Amino acid sequence: KAGVTQTPRYLIKTRGQQVTLSCSPISGHRSVSWYQQTPGQGLQFLFEYFSETQRNKGNFPGRFSGRQFSNSRSEMNVSTLELGDSALYLCASSPYGGRSDTQYFGPGTRLTVL
Amino acid sequence: AQSVTQLGSHVSVSEGALVLLRCNYSSSVPPYLFWYVQYPNQGLQLLLKYTSAATLVKGINGFEAEFKKSETSFHLTKPSAHMSDAAEYFCAVSDNYGGSQGNLIFGKGTKLSVKP
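Taken in order, these protein sequences are the chains called B and C. Everything in the first sequence is counted per our numbering, starting at 1 for the first residue and increasing by one. Everything in the second sequence is counted per our numbering, starting at 1 for the first residue and increasing by one.
If you are wondering where the hints come from, they were derived from the structure by calculation, not from laboratory data. Note that the structure is predicted; figures quoted are calculated from it, not measured. Among the clues, some could well be false.
Negatives, chain B to chain C, calculated, CB over 10 angstroms [said to hold, decoys possible]:
| # | residue |
| --- | --- |
| 1 | Val4 |
| 2 | Gln18 |
| 3 | Asn56 |
| 4 | Gly58 |
| 5 | Ala92 |
| 6 | Arg110 |
| 7 | Val113 |
Under the rule of at most 27 angstroms between Cα atoms (straight-line distance), these lysine-lysine pairs were calculated in the DSSO-like manner [as the list claims (entries may be wrong)]:
| # | chain 1 | residue 1 | chain 2 | residue 2 |
| --- | --- | --- | --- | --- |
| 8 | C | Lys115 | C | Lys69 |
| 9 | C | Lys108 | C | Lys69 |
| 10 | B | Lys57 | B | Lys13 |
| 11 | B | Lys1 | C | Lys115 |
| 12 | C | Lys68 | C | Lys111 |
| 13 | C | Lys108 | B | Lys57 |
Stretch by stretch, here's where chain C covers chain B in the computed footprint (C-beta under 8 angstroms, at least three residues) [claimed, not checked]:
| # | segment |
| --- | --- |
| 14 | 66-78 |
| 15 | 95-109 |
In this text, a Cβ means the ideal position worked out from N, Cα and C, and glycines have one as well.
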């Protein structure tokens, strides 16, 4: 089975711009979660989607949003970029998003905001 | 609320020595616990997970972890370190919402260095 894929792998934007990141889960997985990884804050949960519905959201401002399509692919969007948004954004998929499910991570998208 | 504490942001061992990475958790419900490894410029790869079956969990690449409820610990060990084990290791606990779903709450990570 192909793993979780994320595009693009690297992105450079300037403050004030917006960005869209894409994630394709493992075939058959219906839950997609997004995490932000920074040196200062570590790995933090952004949100989780299941069957096109956001089921849970972390403590991030409304500039961070996402969606999921009927084929389980997911996108996240960050509007009005700030310098502090520079991070590695990781997508993870699992069959149902259950507490005991293994989450399989993609390689991440490295976002740099200048 | 669930949380994870990893003691030691950096651990250095010699090749062939024992690897011990510490993880303590806090959970208001029976925990599900995970260890992930991250190599530079890569995503996270699951090493092993505890889901309330056996307390001693064996994972990939010779790693294992023991769940100790009385100590709220889930330390990761490997009897003999290899140069290829140099990476960052993350302990995580599954959060609890909606009864059955849960995102992961991660510790700050431990960077493991292996000296020849």
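Hint-by-hint comparison with the structure:
1. Val4: Label violated. Min Cβ-Cβ 7 angstroms, cutoff 10 angstroms.
2. Gln18: holds, 24 angstroms
3. Asn56: violated, 6 angstroms
4. Gly58: violated, 7 angstroms
5. Ala92: violated, 8 angstroms
6. Arg110: About 8 angstroms separates B/Arg110 from the closest Cβ of chain C, which leaves it inside 10 angstroms; violated.
7. Val113: The claim holds: B/Val113 sits with its nearest Cβ about 19 angstroms from chain C, beyond 10 angstroms.
8. C/Lys115 / C/Lys69: Given that 27 angstroms is the threshold and the Cα spacing comes to 33 angstroms, the pair is violated.
9. C/Lys108 / C/Lys69: With Cα atoms ~21 angstroms apart, C/Lys108 and C/Lys69 stay inside 27 angstroms; holds.
10. B/Lys57 / B/Lys13: Status holds; Cα separation ~25 angstroms.
11. B/Lys1 / C/Lys115: With Cα atoms ~35 angstroms apart, B/Lys1 and C/Lys115 exceed 27 angstroms; violated.
12. C/Lys68 / C/Lys111: Distance ~23 angstroms between C/Lys68 and C/Lys111 Cα, so the pair holds.
13. C/Lys108 / B/Lys57: holds, 20 angstroms
14. 66-78: Per the Cβ count (0), the hint is violated.
15. 95-109: holds (count 12)
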